[in-house]
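Knowing the structure of chain A, use the given hints to seat chain B on it.
There are 2 protein chains.
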Amino acid sequence: MEIKVLKDILSANDQIAQKNRALLENKQVFTINIMSSPGAGKTSLILETIRKLKNKVSMGVIEGDISSTIDAEKVKREKVPVLQINTGGECHLEAVMVNRALDNLPLDDIGLLFIENVGNLVCPGEFKLGEDRKVLILSVPEGDDKIYKYPLLFHLADAVVINKIDLLPYTKFDLEGFSLALKGINQKARLFQVSCTTHEGIEDWTDWVLSSMQRRKRTSRKKS
Amino acid sequence: MEIKVLKDILSANDQIAQKNRALLENKQVFTINIMSSPGAGKTSLILETIRKLKNKVSMGVIEGDISSTIDAEKVKREKVPVLQINTGGECHLEAVMVNRALDNLPLDDIGLLFIENVGNLVCPGEFKLGEDRKVLILSVPEGDDKIYKYPLLFHLADAVVINKIDLLPYTKFDLEGFSLALKGINQKARLFQVSCTTHEGIEDWTDWVLSSMQRRKRTSRKKS
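So the protein sequences, as listed, match chains A and B.
Read in the working numbering, the first sequence has 203 at position 203, and its numbers run on one by one without any break.
Heads up, the working numbering is the position in the second sequence plus 1000, with the first residue counted as 1.
FYI, nobody ran anything at the bench for these hints, they're computed from the structure.
Don't take each hint at face value.
Using 25 Å as the maximum straight-line C-alpha spacing, the simulated DSS-like pairs for lysine-lysine come out as follows [to be verified]:
| id | chain 1 | residue 1 | chain 2 | residue 2 |
| --- | --- | --- | --- | --- |
| 1 | A | Lys76 | B | Lys1172 |
| 2 | A | Lys79 | A | Lys27 |
| 3 | B | Lys1007 | A | Lys7 |
| 4 | B | Lys1074 | A | Lys172 |
| 5 | B | Lys1172 | A | Lys52 |
| 6 | A | Lys172 | B | Lys1076 |
| 7 | A | Lys27 | A | Lys52 |
| 8 | A | Lys74 | B | Lys1172 |
So the derived list for chain B, only partly shown, Cβ under 10 Å to chain A, looks like this [as the list claims (entries may be wrong)]:
| id | residue |
| --- | --- |
| 9 | Cys1091 |
| 10 | Asn1120 |
| 11 | Gly1143 |
| 12 | Leu1152 |
Just so you know, these numbers come straight off a predicted model, no measurement behind them.
C-beta atoms are modelled at their ideal positions from N, C-alpha and C, and glycine is treated no differently.
Next up, chain A with everything else stripped away, as it sits in the complex (with noise of 0.2 Å):
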């Protein structure tokens, strides 16, 4: 692709991305922007976390996938308003996409929003959604070598959610290794240890969410 093409698309996009931000925060809206590899568990990750807060915050999710509507379905099932973009063919959400979706759900009920992004670890991080906090999901079985192979998304993100922790004895992963590499490339981002199967680490997680929206001094307001 050539590289002034691929600067204009971002710049049109940042310019949506802001429009998006300006309308959530006058909303009062708290949004996350999930990315992961395929299968990693973002979907389960939202569920878990409806589960754990859906007595604390009302919220809602915005599902972006190539096709289908299947983890759609699954929010849906959680009694929360869910809209689902398939991009048809993108290997990445945009702020044009999210603006529509935004249109499309009811904001003025929502404290906190999530936006699944497409499974892929490269692409989405070049693309601003108009989001308070970008987190990345890293599975277990994926190996603790993609901070090496996809350094964009672990140097952008502002939590690290390792994922499928139930799976460690069956697999080489060196937790230690990757938090320390982790804090070589970035030193802000929060790290977590979860597993969306056995519930392990889901409160540190949503305690960590809680707090964050609280900082932007949301949640009072939205929720009586």
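The following block gives chain B in isolation, referenced to the frame of chain A:
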């Protein structure tokens, strides 16, 4: 991205892919493009194949990554010619990158060439490289629903390798359901079940690699 821009890029790519193909046919090199999500086991499958076939076929490897030379170093230890491509941000290999790599590999001494694509279930499908076969690896922990969410690569694959079957007891992966879904969108694809950890199923896979090569009548001329 403008659709016209994408079309131009793909058309330019296809022309270079045809050049690669002509060169590889001329040099009698059978070429397999290996694609998967990050961490599904592309390098592991290549290493297993090298160990199994090293007395039967002369091999070479092109490693594609955003950054790092971790995988190329692993292949080098097997004493096989290897070339690392760092895409520097691009989420897939393009024919022009492979073209440059081919110039720097001893093609006269290679009968079987693996091209390990960037870990991504989306974009690599759109870019032909000049390969004889496209192989897609899906690892058990990613889940059996990936075929619905990322259908293009499953549709294009000549073979689908389910890796990490040693983790089947710890996940909800539905092998039968996946096999049916695959038949639904791709009737020609061969399906393999392997574990690069326990070595289960590797021989079925390498048998297919050898018989695919033999059908191209290249093996016999390359290895005495």
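Quick rundown of the hints versus the structure:
1. Lys76(A) / Lys1172(B): At roughly 21 Å apart (the allowed maximum being 25 Å), Lys1172(B) and Lys76(A) satisfy the hint.
2. Lys79(A) / Lys27(A): holds, 21 Å
3. Lys1007(B) / Lys7(A): Satisfied, since the Cα-Cα distance of roughly 18 Å is no more than 25 Å.
4. Lys1074(B) / Lys172(A): holds, 16 Å
5. Lys1172(B) / Lys52(A): holds, 23 Å
6. Lys172(A) / Lys1076(B): holds, 21 Å
7. Lys27(A) / Lys52(A): holds, 23 Å
8. Lys74(A) / Lys1172(B): Between Lys74(A) and Lys1172(B) the Cα gap is close to 16 Å, so the pair holds against 25 Å.
9. Cys1091: With Cβ-Cβ at 4 Å, under 10 Å, it holds.
10. Asn1120: Holds. Min distance 6 Å.
11. Gly1143: Since the shortest Cβ distance to chain A is 5 Å, the answer is holds.
12. Leu1152: holds, 7 Å
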